[in-house]
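Q: Chains as they are written, first to last, in my numbering: chain D, 10 to 305; chain A, 37 to 342.
Keep in mind that a hint or two might mislead.
Listed next, the in silico SDA-like pairs over lysine to any residue satisfying Cα-Cα at most 20 angstroms (straight line) [as the list claims (entries may be wrong)]:
1. D/K262 with A/L194
2. A/K38 with D/F34
3. D/K262 with A/K168
4. D/K262 with A/F189
5. D/K263 with A/S200
6. D/K263 with A/F190
7. D/K262 with A/G201
8. D/K262 with A/S199
9. D/K262 with A/S202
10. D/K263 with A/P198
11. A/K168 with D/R181
12. D/K263 with A/F303
13. D/K263 with A/V192
14. D/K262 with A/E299
15. D/K262 with A/L269
16. A/K168 with D/F34
17. D/K262 with A/P198
18. D/K212 with A/Y193
19. D/K262 with A/W196
20. D/K262 with A/V192
21. A/K168 with D/L294
22. D/K263 with A/F189
23. A/K168 with D/P35
24. D/K263 with A/S302
25. D/K262 with A/S200
26. D/K262 with A/Y193
27. D/K262 with A/F190
28. D/K263 with A/K168
29. A/K168 with D/M281
30. D/K263 with A/E299
31. D/K263 with A/L53
32. D/K297 with A/F303
33. D/K263 with A/G201
34. A/K168 with D/I37
35. D/K297 with A/E299
36. D/K263 with A/S191
37. D/K262 with A/V185
38. A/K168 with D/D292
By construction, these hints were calculated from the structure, which means they are not laboratory data.
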Amino acid sequence: MAMNGSRTASLTLAWRFAALRVGNFPVIPTTILVVIVLVAIFAEVLAPYNPEVGVLGQRFRPPFWQVGGTDAHLLGTDHLGRDVLSRLIFGARVSIVVGFTAVIFAGVLGTGLGILSGYLGGWVDQVIMRLTDAWLAIPALTYAIFLAAIVGPSAMNIVIILGLVYWTRYARVIRGEVLSLKERDFVRLAIVAGCSKRTIMRKHILPNVLNSATVLGTLMLGVVIVTEAALSFLGVGVPPPQPAWGLMLADGKKGLMAGYWWLTVLPGCCIMLMVLSANLLGDWLRVKLDPQLRQL
Amino acid sequence: MKSYILRRLGYSLISLLLLSLTIFLFVRVTGDPAVLLVEPGASKADVEAIREQFGLDRPLIVQYGEFMWNILRGNFGNSFYYRMPVLELYLSRLPNSLMLALAAMSFSLLIGIPTGIIAAVRVNQWWDNAGKIFALLGLSLPSFWVGLVMILFFSVYLGWFPSSGSGSVLHIIMPAFALGWYFAAAHMRLTRSSMLEVLGSEYVKLARLKGLPEALVISKHAFKNALIPVLTLAGINLVIMVNVAVVVETVFAWPGIGRLLYEGVSFRDFPVVQATVLLGGSMIVIVNLVVDILYAVIDPRIRLER
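Just need the whole structure built from these sequences, with the hints factored in.
A: Right, dumping it as C-alpha cells:
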C-alpha cells in the first residue's frame with residue numbers, strides 16, 4: 010500500500026545515508042579537495058583576470074570588504090597590481106599538478122623499488138635499503154633545495170626533485186608489506202605452480218600492496234604540497250611569473266610590515282585547506298582500507 | 037653487544053658513504069659542474085680555469101677520491117659570498133640554530149607531553165578532542181606560514197615582539213613557536229598512543245588491582261614508561277629541527293644554518309649549499325647511530341634481536 014511503500018522507501022534512503030556515514034567518511038575534506046581540483050581545471054574560466062599581468066595603478070588594494078577595496082578585485086591586489094583571486098585560482102593548478110604528479114612519481118618509484126627489494130632479497134635488498142637509509146637521512150627540504158639549486162627551477166624539475174626526495178618513504182613501507190606477503194600461501198602456491206618471479210611480483214604482490222601505496226599517497230600529498238610551497242617561498246620552486254601559492258607568500262612577506270595582510274593570509278589559507286583535507290582523507294583511508302596500518 | 041655496535045657502525049658508514057657519493061654525483065652529472073663551482077658573473081676564461089683547477093675532466097673515481105679526502109680534512113671549500121672557509125662559516129652559525137631548536141624543542145615537549153598524557157587519560161573526552169585538533173593543525177600548517185601570520189599579528193598589529201633578528205628572549209619566542217608547533221603535535225600524538233598502550237599493560241593493571249589511587253598509577257608507573265619512545269623521538273627530532281628550520285629562519289631572519297642555506301641558494305654560493313647538505317645529512321646519520329646504540333644499551337631485547 011502507498012503509505013507502507015513510501016515508508017520503506019524513506020527507510021531505505023535513510024539506511025543508505027547511514028551507510029555513507031559508516032566509517033566517518035570525511036565529506037567536507039573530500040568536497041574541498043574536489044573543489045580545488047575543479048578550480049584548477051577550470052582556472053581559465055573562473056579567474057576574472059590574467060594572473061601574470063598587473064596594473065601598476067592598482068597596487069596593494071585590500072579585499073573588497075575593507076576600506077580602499079573595490080568590487081573589481083574581490084580579494085585585493087598584490088605589489089604589481091595583479092588580482093589576488095586570479096592568482097589564487099591559477100596557483101591551485103600549480104599545487105594540484107605538481108602535488109599529484111610528484112606523489113604519483115614518488116609512489117611508482119618507491120613501490121617498484123620496494124617490491125623488488127622485498128621480494129628479491131639478497132644483495133638487491135641490501136643495496137636498495139642502504140640507499141634508502143642514506144637518502145632518508147637528508148631532511149627532505151634541504152635535499153630538495155640542494156637539487157633545485159643544481160638543476161635550476163622549473164615545474165618539471167620540481168616534480169622530479171620531489172619524486173626523488175620522497176620515494177624512500179614508500180619503499181620502506183612497501184618492502185615491509187612484501188616481506189610478510191612473501192610468506193603467504195597464495196604466493197607459495199604460485200611459486201610451486203612454476204610462475205616466474207616477474208609474474209609473481211606483477212600479478213600477486215603488486216595488487217596487494219596497492220592499498221598501502223594509495224594510503225601513503227594521500228598522506229604524502231599534504232607533505233609534498235607544503236614542501237613545494239616552501240621551495241617556492243625560498244625562490245627555488247616554480248619560477249615567476251607563474252603563480253604558485255608559496256611564491257605569493259614570498260611576495261606577501263614584503264608587504265607584511267605595512268600591514269597588507271591579505272597577501273600573506275589568503276594564500277596560506279589555501280595551502281592549509283588543501284593540506285588539511287588531504288591529511289583528513291588520508292587518515293580515513295588508512296583506517297578504512299587496512300586496519301593493520303592503523304599503527305602508522 | 038659488540039657485534040651489534042660494530043654492525044650498526046658499519047651500516048652508518050655505508051650510509052655516510054652513499055650520502056657523499058650521491059651528493060657528489062648529482063653535482064657532477066647534472067649539467068656542467070664548473071658553472072656551479074665558479075663565482076657568479078665569471079667569464080668563460082674563469083670557467084675554464086676552474087675546470088683545470090678542480091680537475092673536472094679527470095675520471096670520476098679520482099675526483100671522488102679527492103672530494104672525500106678534502107672533506108675528511110675539513111676542507112669544504114670557500115664561500116663565494118663571505119670569502120671564508122665554509123666549514124668555519126657553518127660552525128659559526130650552528131650554535132644559533134641549536135639555540136632555536138632547543139627553544140622550539142622545549143616548547144614542543146612542554147606542550148606536547150602533558151597534552152598527550154591528559155588526552156590519553158581522558159580518552160575521547162573534551163581534552164582529547166581539543167588535543168586532536170591542535171595536533172591536526174600543527175601537522176598540516178606550514179611552519180613558515182605560521183611564522184608569517186605571527187609576525188603580522190604580534191609584530192605589526194600588536195607590536196609585542198620584534199619581527200626579525202636575534203639577540204634577546206623576545207626575538208626567539210615567535211620562531212620557536214612557529215618551528216615547534218609541528219613537533220609539539222607529533223610528540224603529543226606519540227605520547228598519547230604510548231600512554232594508551234602503557235595504561236593497558238599488565239603491571240598497570242596490577243597497580244590498579246593493588247588499590248593504588250589512579251593519580252599515583254599514572255604518575256609513578258605509567259608516566260616514565262610511556263615517555264621512553266617520546267624522548268627517543270625528541271632526540272632525533274632535535275637534529276631534524278636544526279635542519280628543517282630553513283624557512284622559519286628565513287622568515288625571521290634568524291642567523292642560523294638554515295638561513296645560511298637560503299643565502300647560499302640566493303647568492304649562488306654553491307660550496308655553502310653543498311656543505312650544508314653534507315653536514316646536515318651526516319649529523320642525522322650520526323645521531324641515529326648514537327640513539328640506536330643507546331637504545332641497545334638500555335633495552336637488551338634489541339641487541340639480542342638480530
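Q: Next, verify each hint and record whether it holds.
A: Cross-check of the supplied hints:
1. D/K262 with A/L194: holds (17 angstroms)
2. A/K38 with D/F34: violated (51 angstroms)
3. D/K262 with A/K168: Not satisfied, since the Cα-Cα distance of roughly 30 angstroms exceeds 20 angstroms.
4. D/K262 with A/F189: holds (13 angstroms)
5. D/K263 with A/S200: Holds, at roughly 13 angstroms.
6. D/K263 with A/F190: holds (17 angstroms)
7. D/K262 with A/G201: Holds - the C-alpha atoms of A/G201 and D/K262 are around 15 angstroms apart, at most 20 angstroms.
8. D/K262 with A/S199: holds (11 angstroms)
9. D/K262 with A/S202: holds (19 angstroms)
10. D/K263 with A/P198: holds (16 angstroms)
11. A/K168 with D/R181: violated (27 angstroms)
12. D/K263 with A/F303: With Cα atoms ~19 angstroms apart, D/K263 and A/F303 stay inside 20 angstroms; holds.
13. D/K263 with A/V192: Holds. D/K263 to A/V192 sits at ~13 angstroms (cutoff 20 angstroms).
14. D/K262 with A/E299: Satisfied, since the Cα-Cα distance of roughly 17 angstroms is no more than 20 angstroms.
15. D/K262 with A/L269: Between D/K262 and A/L269 the Cα gap is close to 33 angstroms, so the pair fails against 20 angstroms, i.e. violated.
16. A/K168 with D/F34: holds (18 angstroms)
17. D/K262 with A/P198: holds (15 angstroms)
18. D/K212 with A/Y193: violated (61 angstroms)
19. D/K262 with A/W196: holds (19 angstroms)
20. D/K262 with A/V192: Holds: D/K262 and A/V192 sit about 12 angstroms apart, inside 20 angstroms.
21. A/K168 with D/L294: holds (18 angstroms)
22. D/K263 with A/F189: holds (15 angstroms)
23. A/K168 with D/P35: holds (16 angstroms)
24. D/K263 with A/S302: Roughly 16 angstroms separates the two Cα atoms, so the pair holds.
25. D/K262 with A/S200: holds (12 angstroms)
26. D/K262 with A/Y193: With a Cα-Cα distance of about 15 angstroms, the restraint between D/K262 and A/Y193 holds, given a limit of 20 angstroms.
27. D/K262 with A/F190: holds (15 angstroms)
28. D/K263 with A/K168: This hinted pair is violated, its Cα atoms lying about 34 angstroms apart.
29. A/K168 with D/M281: Holds - the C-alpha atoms of D/M281 and A/K168 are around 16 angstroms apart, at most 20 angstroms.
30. D/K263 with A/E299: Status holds; Cα separation ~17 angstroms.
31. D/K263 with A/L53: violated (41 angstroms)
32. D/K297 with A/F303: violated (48 angstroms)
33. D/K263 with A/G201: Within the cut-off at roughly 16 angstroms; holds.
34. A/K168 with D/I37: The hint holds at about 17 angstroms.
35. D/K297 with A/E299: Distance of about 45 angstroms is beyond 20 angstroms: violated.
36. D/K263 with A/S191: Distance ~14 angstroms between D/K263 and A/S191 Cα, so the pair holds.
37. D/K262 with A/V185: holds (10 angstroms)
38. A/K168 with D/D292: holds (13 angstroms)
Hint check: violations occur at hints 2, 3, 11, 15, 18, 28, 31, 32 and 35; the rest are consistent with the structure.
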